[in-house]
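Chains Y and X, in that order, give the protein sequences. Each residue of the first sequence is one higher than the one before, starting from 35 at the first, in my numbering. Each residue of the second sequence is one higher than the one before, starting from 38 at the first, in my numbering.
FYI, nobody ran anything at the bench for these hints, they're computed from the structure. One or more of the hints may lead you astray.
To be verified - Below, in silico cross-link-like pairs of lysine-lysine (DSS-like), each with a Cα-Cα straight-line distance of 25 Å or less:
no., chain 1, residue 1, chain 2, residue 2
1, Y, 232, Y, 44
2, Y, 205, X, 40
3, X, 183, Y, 67
4, X, 40, Y, 67
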Amino acid sequence: MSTFAVKDVKAIVSKAAAAMVELEQELNAADAKLGDGDTGGMLARVISAIDTAAAASDEDVGACFSAYAKAAAVATGSSLGTLFATALMTFAKSTKGQEAVPLSELAPLLAKARDAMMARGGATLGDKTVLDAIDAVARALEGVGDPQEAKRLAVEATQAALLEFRGRPNKIGRARMFADQTIGLDDPGMLAFAELCKAVA
Amino acid sequence: MKKLMNAPGNFVDEALDGLTMANPSIVRDGENGRVIRRAEGARKGKVGIASGGGSGHLPLFTGYVGQGLLDTCSIGNVFEGPNVGSCMDAIKLADGGRGVLRLYGNYGGDRMNFDMAGEMLEDEIRTTTVLGTDDIASASPEESAKRRGVAGIVYAYKIAGAKAETGADLDEVTATAAKAVAATRTIGVALAPCQVPGSAKPTFTLGENEIEMGMGIHGEPGIWRNTLTSADEIADEMLDRLLAEAPQNAGSEVSILVNGLGATPLEELFILYRHASRKLAAADLTIVQPLVGNFVTSMEMAGASISLCFLDEELKSLLAAPAYCPFWRVG
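Chain Y on its own, in the form it takes in the complex (with noise of 0.2 Å):
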């Protein structure tokens, strides 16, 4: 069976603050469209800021998270920053003390902190957000326990969830008010997590 551990996890960190030096206009020119045009920036700065987070522990999966959640509490106020940090929040409660996570946990984790997102934010699944990309990769990797086979599983469930969304509107935010010109766009954080998960794979 496979884990992840502290290391593993700052390694992914790390690929993902590089990637977002490529993402963060792509990412501002979506926003744009549907929204106030700052989920790049927003994004780059709050992931660079747990880059350069300072875990509590080496050993201790669930210290690494913590230090991330209030890392991004910290760097950002913002409506999806602040989810990404209640998504942290929530790994960090439920791998406090475990220094070797199966990555078979790392389904009903991101089932957690969808739900813990919606819980905090009002949405719900359907309404076109990053949840419904959170929502798909959670469900492909149930019962996955293989590192390979886990990213690609995410990638394919992120890049499906992106296609069957971009032709539905949003429903949710300022969005929902011009609904139908929201069809043929991909939603900012739903894209922000897709492309992501493809440069961490």
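Position chain X against the provided structure of chain Y, taking the given hints into account.
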């Protein structure tokens, strides 16, 4: 878009430094320096009023900290809500022992962070929430609770601030703030975009001769986009839309705020006001305490918003009560 700045990452903190250095009545505070509070601190026995929101809208939000207005304000990065820690600091620093009203615009990030901050402090400080929901273009009348707070929130600040200064308790201040929000309607138009510091492109684009009706204060898309027409025609449509949504119990007195979004000359705002004042008179409405100027901006966005606050005797007298902040003096 050109900006006078040093590094984009220092934009907010350097602006806050300058704001407080130029105005000794307010100071920076909080763990990350992202709270502006009255220099003299919270007054014991007075209900505190804390607000907050993203940078890029001065005089909103931090500019309205002062006598008869806000006690504290947490501030985020440009167009981003303040973080949880700053919201907690703003609530704590506003508390004079009689509780704190959290009064802010109805944006997702602000709401999540103020909610989390309130939950974390609930054993120490009693708090209530009133959300500004004056932007009629941001949701239909059936979904008015989902509307965003824009320039009209200034009326809620002024009226709730005056009520708190009378020694009223938290429930009374909260009810009065909610009444001010319920009495206020706003709509904006944009003529040219704004750009977030560090972003390579403007938040949106508008053709040289285009105007967008109902655009949000971060450049969120509005109701329609078309060729720019005369100021009178634009004011006509804005007021028609606002008056169509007048509260059912509206009386005959109204305050009007013609607000510049950052890059529109005051002359143009007065041209809008000229027509608006005639139109309100024709609708048998008497203007009380008109406001024309830059009260809630969106960086260098060109355009304007018009807010109407329908007054009863209580709101009228609270609006007229003395108040002072770096950008506004009443009485």
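Cross-check of the supplied hints:
no.: 1; hint: Y/232 / Y/44; result: holds, 17 Å
no.: 2; hint: Y/205 / X/40; result: violated, 35 Å
no.: 3; hint: X/183 / Y/67; result: holds, 20 Å
no.: 4; hint: X/40 / Y/67; result: holds, 23 Å
The structure fails hint 2 only (numbered hints given earlier).
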